[in-house]
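Produce the entire structure from the sequences given, and follow the hints as far as they go.
These protein sequence lines map, in sequence, to chains A and B. The number in this note's numbering is simply the position in the first sequence, starting from 1, with 13 added. The number in this note's numbering is simply the position in the second sequence, starting from 1, with 2 added.
For the record, the hints were derived by calculation from the structure and aren't laboratory data. All values reported here derive from a predicted model rather than from experimental measurement. Yeah, the Cβ is synthetic: ideal placement off N, Cα and C, and Gly gets one too. None of the hints are false.
Computed footprint of chain B on chain A; a stretch qualifies when at least three of its residues, placed anywhere within it, have a C-beta under 8 Å from a C-beta of chain B:
| id | stretch |
| --- | --- |
| 1 | 18-29 |
| 2 | 38-47 |
Some chain B residues near chain A, calculated using beta-carbon distances under 8 Å:
| id | residue |
| --- | --- |
| 3 | F44 |
| 4 | S45 |
| 5 | S97 |
| 6 | G219 |
The following residues of chain B were derived to be distant from chain A, with all beta-carbon distances above 12 Å:
| id | residue |
| --- | --- |
| 7 | A19 |
| 8 | A40 |
| 9 | L71 |
| 10 | L124 |
| 11 | F131 |
| 12 | L195 |
Given next are the chains, with one letter for each unit.
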Amino acid sequence: MTTAEKYVTAAYCVIFGVVLAYVVLIALKLQRLEREVDELERQRPEVADDERETIHVG
Amino acid sequence: MSPVGRTYRIPLPALAAASLVLVTVALALVFFVVPNDADQGFSQRIFYFHVSIAFTAYACFAGGAWKALLHLWKRDPSADLESYVAVHQGLIFGSLVLLTGSIWARISWGHWWLWSEDQLVLFLVLFLFYAAYFMLRFSVDPGPQRANLSAVYALFGVVLIPVSFLAIRIAKHFIHPVVFTSNVSKNLPGSMLVTYCVAQAALLVLAYTLYRVELSGKRIDARLRELRLA
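What follows is the structure, encoded as structure tokens:
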């Protein structure tokens, strides 16, 4: 492999690496958002219980 | 004001698939089809992506400025976030231009960077200008004031794009190669031109795909924040 070939390969690896790092960061962010959505979903029934009206029967 | 979602004609999976196919085809053309450049040899193969990435970065900054104008002009509620994401994409592609350019400079000039070259310094100025956009944006509390300041700043930056682009053509030394000139005989021959066009299309589609992915993430984030506050 010549020096030029090594540098050209390095350049394309840099491009691939930066795009990959970006995709990984976005994926991590989406994972965080998914966790937050789950958390909000878990909180919803609790709120609904608190807000439920108490009716005396009989 | 909450950023309003948009419906797009092209679905995101189709865009992602198109990016993958185009980038693969472009890489195959760069490494297996195009001949070596008579003047620069193998190292010229960097340019198919380096130049395409540079134009993509300009397109992202111009897109960011356009969205900023829409924010200021029509008060489009989603324009501020779209402008921010476009500038962010521009910065990512801008960093790739600097990195791949430096690698090419190392092969051809024997230096990673030359401060005497106007076109390199002008692109760095453009890059740093937009890097400062984020410092400005995150130094102001979220709200209309931040959106307006960011929009004005993004609009000012667009002036630097033609300066940076023309600097390569009006530079005194012409050390930085010019890919397209007004002299047709000096332009890229057939297979090289096709490869460049495919690489350019690939990078533009990739940038647009990443823009859409980041934008949808930011919109979900904003909606979640609103739900938490509600």
